[in-house]
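K.L.:
Once you've looked at the hints, dock chain B against the given chain A.
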Amino acid sequence: MLKEWPLVAFTIVGQMAVGVYLTAFFPWALLAVVFPASAGPPPDGATQGLRIALLALVFALLAAAALVSFFHLHHPFRARYVLSNLRSSWLSREILFELGFMAFVALGVFLTWRQPTGVGLLNAVLALAGLMGIMFLVSMSKLYMLPAAPAWNHAYTPLSFIMTALALGAMATALLIDILAGGRQIFGYLLLLSFPLVGAKIIFSLFLTPGHGIYGSRSGPSLRPPAETPRLLHLGRLTLLTAGLVLIGAAIIARDVEFRAATGSGVSGLLAVAFVLVLASEVAGRFLFYGLLTRPGR
Amino acid sequence: MVTQYAFFFNAAACSGCKACQMACKDRNNLEPGLLWRRVYEVAGGGWEKKGEVWVPSVVAYNISMACNHCEKPVCGLSCPVKAIWKREDGIVFVDTDRCIGCRYCEWACPYTALRFNATTNTVSKCDFCFEAVDAGGPPACVAACPQRALDFGDLAELRKKYGETRQIFPLPDPSLTDPALVIKPHRDAARAAERAAEVANWEEV
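Protein chains in written order, with the numbering used here: chain A, 1 to 298; chain B, 1 to 205.
Here chain A stands alone, though its shape is the one from the complex (with noise of 0.2 angstroms):
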């Protein structure tokens, strides 16, 4: 279980930044494509700088996650070959829509600083760049969900892939935005948006984990051995997630109570810490859902 580390880093990573994507663009820029009357007018230069810190940001996470992903590699430097087998092999798929999303987002950080006369441009590269993330998304959920699998061909598998790239992405694309340009509308909306999406996953993890959840899938009789993850971890990843949707529920209040009463109440400090709950649970609930598939032999 604990051997598949690089693969638990890649998934979470890598979806953490199509949700960053996804609550800070995506449905924008593909409003600004379908309706381009909705467009607003070209930003000011703070917003533009902010634009390319969350741009530079999933661009950042989306390399991370490529990295970290040679290191399940045992000859990397064939890694070359990946891409050799898009018919068949949502492995291949997915690594092309990985690539394709962080072409388009490299884009979108160029097109953003240039600042071309019309936003137009912009905006159809932002939205590529959405459905390349989604794409990724849905080419991570099926490359595991495998009929040899039955443990994790269970719709759990994307819906726990798409809670975790939202929850995180919300959450982590708020704290970015208090960070650089605090006072922004924006950021009470995603934390809004954050605690709705943590309490799904608490709901989903306890009904339907694999293995573990109350009406979660069971691996019937197979050649493969029995899984081996503690269910501690299973324990445990819900305590986070409590605790994490505790401290997003008291820094709603506290961000409330500081606009009324006008001082500083450490919002961004709460949302920190259930930042990081979230993500240690998301860690504990990836390695229980590697541990389902016991590798038989070494």
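Incorrect hints may have been included.
Reference listing, derived: stretches of chain B covered by chain A, where coverage requires no fewer than 3 residues with Cβ under 8 angstroms from a Cβ of chain A [unchecked claim]:
#1 30-37
#2 102-108
#3 112-121
These are calculated hints, taken from the structure and not from any lab test. We put the beta carbon where it would ideally sit given N, CA and C, even for glycine.
P.N.:
Quick look at chain B alone, frame taken from chain A:
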């Protein structure tokens, strides 16, 4: 001409001596812990009340299993670098010069036929002793079986000779991969699931 090589396994005749497993290791010089053919010991059951009498009702049999050189090899379909390929005669090979060692095929194969080889740092599997077969001989496992519980040949011929069965408890649903495998079931296999049978030697396989 052979279009799909296949194995036949007679579960009713297998004594679980593991001569096939050792012959495979010997021929392919496999390091300790690496098995291309494994013998699973399936066991279950307990006591059962018949009238006023308690009688033992146990199931126990063995399954010798290697790569089934499937007609729909999901290992190859899932491999991102096309390192797993199928020869004209149906034998499935791993190209160890191309394999990146991501081990995704290990998850994709429901027969757990793909095994990591720490010497080459790639996955590895049964190659049907293709050199021996090409020279007109049998695979090492077939040759070694003292009970004649293993046989090999063209899948269509084996089906004519031994029947169509290709799944017994706890093997996976054959429609997943279309394994080139014919089995003669042990008499206990039909009631293994109801007797809550399990593989009893996980540490070994």
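K.L.:
Each hint: holds or not?
P.N.:
So, going through the hints one by one against the coordinates:
As drawn, the region 30-37 of chain B meets chain A at 3 residues by the rule of a beta-carbon pair under 8 angstroms; at three or more, the given contact holds. Counting residues of the region 102-108 of chain B whose beta carbon lies closer than 8 angstroms to any beta carbon of chain A gives 6, which reaches the threshold of three, so the coverage claim holds. Counting residues of the region 112-121 of chain B whose C-beta lies closer than 8 angstroms to any C-beta of chain A gives 5; at least three are required, and the coverage claim holds.
Violated hints are absent here; each numbered hint is respected by the structure.
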